[in-house]
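Enquirer: All chains, full assembly: derive it from the sequences and hints.
Each protein sequence line maps, in turn, to chains A and B. Quick note: the first sequence uses this note's numbering, first residue 191, plus one each step. Quick note: the second sequence uses this note's numbering, first residue 191, plus one each step.
Honestly, the hints are just simulated from the structure, not real lab data. You may find that some hints are simply not true.
Copies of the same chain look alike in the list, so a pair counts if it fits in one copy or across any two.
With a straight-line cut-off of 20 Å between C-alpha atoms, the simulated SDA-like cross-links for lysine to any residue are [to be verified]:
1. Lys284 x Val323
2. Lys284 x Glu481
3. Lys290 x Glu301
4. Lys488 x Leu502
5. Lys643 x Tyr297
6. Lys479 x Arg499
7. Lys412 x Asp339
8. Lys201 x Asp255
9. Lys662 x Pro272
10. Lys643 x Asn510
11. Lys412 x Glu345
12. Lys201 x Leu244
13. Lys633 x Ala214
14. Lys662 x Val615
15. Lys633 x Asp215
16. Lys662 x Glu216
17. Lys633 x Val220
There are 2 protein chains.
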Amino acid sequence: MKLSASILPIKVGRYSVVLSRDDADEIGVVEGDRIRISKGKATTSASVQIATGLIARGRIGIYQDVAEELEIQDGDEVEIYPVARPPSVEFIRKKLEGGKLSKEEIYEIIEDVVENNLTEIELTAFVLSNYLVGMDFDEIEWMTRAMIDTGETIEFEKGIVVDKHSIGGVPGNKVSLIIVPTVAAAGLLIPKTASRAITSASGTADTMEVLADVNLSVDEIKEITQKVGGVIAWGGATNIAPADDRIIRVENPLSIDPRPQLLASVMAKKGAVGARHVAIDIPVGSGAKLESVEEGRKLAGEFVELGRRLGLNLACAITNGSQPVGRTIGPALEAWEGLKALEEKKGSTSFLEKSLGLAGLIFELSGLSPNGYELAKEIFTSGRSLEKFREIISAQGGDGDVRSDEIPLGSERFSLESTVEGAVVDVINSRIVKIARLAGAPKDKGAGIYIHKKKGEVVKTGEPLITIYAEKSWKLSNAMEFAIENPPVIVSGMILERYPSYRMV
Amino acid sequence: MKLSASILPIKVGRYSVVLSRDDADEIGVVEGDRIRISKGKATTSASVQIATGLIARGRIGIYQDVAEELEIQDGDEVEIYPVARPPSVEFIRKKLEGGKLSKEEIYEIIEDVVENNLTEIELTAFVLSNYLVGMDFDEIEWMTRAMIDTGETIEFEKGIVVDKHSIGGVPGNKVSLIIVPTVAAAGLLIPKTASRAITSASGTADTMEVLADVNLSVDEIKEITQKVGGVIAWGGATNIAPADDRIIRVENPLSIDPRPQLLASVMAKKGAVGARHVAIDIPVGSGAKLESVEEGRKLAGEFVELGRRLGLNLACAITNGSQPVGRTIGPALEAWEGLKALEEKKGSTSFLEKSLGLAGLIFELSGLSPNGYELAKEIFTSGRSLEKFREIISAQGGDGDVRSDEIPLGSERFSLESTVEGAVVDVINSRIVKIARLAGAPKDKGAGIYIHKKKGEVVKTGEPLITIYAEKSWKLSNAMEFAIENPPVIVSGMILERYPSYRMV
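Expert: Here is the structure:
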């Protein structure tokens, strides 16, 4: 059926179109049914909504999501026809029943994910089946390959391509700001695609965006990497492993991260940019994604096995995730801390040791040096990391001459002071993130937290524990209120524990 | 924030509202966030969509779903405020992790289901966690009670209230048309709420609607039951166990029916109308929901245990579900077969034996007779069942004097004839349903199938196996085409099986 488009300038977050009751009856669809919509060669699936007004017979309401995808303008002619439930729904059911999927079945599912042929319910069922039923290594390998093959890929004609990835879960993890320029300065190619924050206070892409443009296409990523050796781009602006973006939209509201999806999504992104040597950062500890070193080792083993199957030379670093990395959380604050460390060739131990350790791991994997950490430290202290970072910022359209003290931080500030004297026994990741987000991060770039005292540091009564930064005073108030009620930095005095009836001791 | 409503006359199948970018920024929500919207005392949750046009600042776009729920008209003032993810999402996560939910947690989840506080993703996660992780009897009992307590209930001041339920899966199951009047004729109260077809060709509510109004309120159900002893109403028009309707919207597209939900949804509906004696029909056999008698017994045991916990006197009948009940499928055809059997006091054995057997089970449960089947048969053959059915039809606003031959059946007809001589070895439920639906059932009331030959019956070459009825010729063509390619009635000649190389035998 051919219809004339009426653009509905609303972002609805899914692919839906609106038909008049008469047209819906004529092609025999009811509310929620699936149709295929095409404009010229561009085509996608969408679910049907029924208008009781607004959309006249012969017209079709197109929300912005579909309009952008198919480049439809008001009045354009589009063609629709009803489509059946795709076969991949049966494969999802097979997985729900505990079956093992074939390579072809997994490819079909991932293709349907990418082409938006699955409803939100069906996609949720797929993600949850992987969470509750699981996949074996064959299936994970096929899913990884399917995710690579259904998106754009980069092939470099020459050079050694490397990459790093953190599984996340620890705040302030700005290590790519040091790793990428250090590795690039050594002559390796590191086309790093990073995430924006979903539940955290700043993703590496949000942080880098303070200094340069991160919305780069695959062609730009390749070009910049070939020119200066490295890049820090937002993966979401590319079409690399696009299935992952859609799957994350389901995982996030449920706060789940099924192991097969975690492994496949990380490895697909590394595989798609042609990386040969890959370092994976697995933070463990109270408040991180994984609590114990044992869990970290198990995941590391899975990454190594999947790397082997995909022909990637891969190693994992199990790192301390029990408190934030460095002293800052939030886009501008993290950019500031990273640039300042490069400028001054010193900084927070947790931040520098981790960054140079991971850069060193990459050097060892790629055979550049048997003692990678030493090489990384040498490049960093020589100033070559800073110099390379400035080149990368310039190449990404930023001001390569920017100094850390020029980075604008939120002007609304509040310091939470210690009410006791003692030592810091805990910095609670989840509270740190919550406070930074209440203060406006990651949307308000200048919002975030500076941590004055970390674990083991001694604090006197009245000394600041954290300073909250915000751009808007009402957001600062919300963050303050929460921080006072839920202290993120725990100080222990001489009495380490107090029982209800401690006088009896 | 107070906003003026702009009604968007579109049925979107979920609760969403549309804000201008400015208003969304002002209250700090982004696309997909949850808000609470109120007009006076009426209130619901909805997810936010962002308009880039169409909705001016100070206005809020209200789709028909929310407009109907809160009775909002164009220009009405409504109030919205952002709300956090409800605690029940954490309880759903607990179940995903394999935990046992408390009574309070289950009540909270079911309340949120009823109040539309859960997104489609969260609701899918709840349903799938019950499918894959399961619930123990404590949890199922609590869920049943929560489903009763979050909806309307009926209390009869006097009389013995009974009910029946079929778990479905077998086509043509029109037994309520005989059971309800027979039971009511014996002086029991049977306020039967029935379903419409979801994936079948006709639900009991669709069938009854051919003869009378089934869109009854809880008050009308009570009033009619008190007056004539029985009713056959569409449960979806009431607010009885409303959580079930919302849960079905997720189960249906995935073709799953988690055991805890099946048990709770059936028992909640029986509990809510105050039934004390309940007969459950569990069809088993190839092509039914359960394949074997053993599976049927297991489910029966679960129903009995849940009945015991809820204080219901319950028994199950495991019935033959391997072919359709009676000879007709489709709303008008089934109403015709039911009324004709009552008029003539005879009919298809599978239909009559099952109906009277279940009515008899109710008589035995309620202590009316130790030999219930005999009592049911006596009432049926005496004409009292027909007389009572006419009273029920009248009480539900239908024509109590209607005769079966006055029921309009689809005028577009096609008979599929046997190409061989032999005996019917199978009638395939799924194909019967598919053909009836292609012919237009349940939407086109006159569409459906008459089965001339059932299992074990002898057929000659050229004799009709089924007749397809339709209201529209193009739908008849679709049904014919499918039926010819996928014969629903399998006839075996003298050669029962033919191997590829049968000449070698």
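Enquirer: Run through the hints listed earlier and report the numbers of any the structure violates, in increasing order.
Expert: 5, 6, 14
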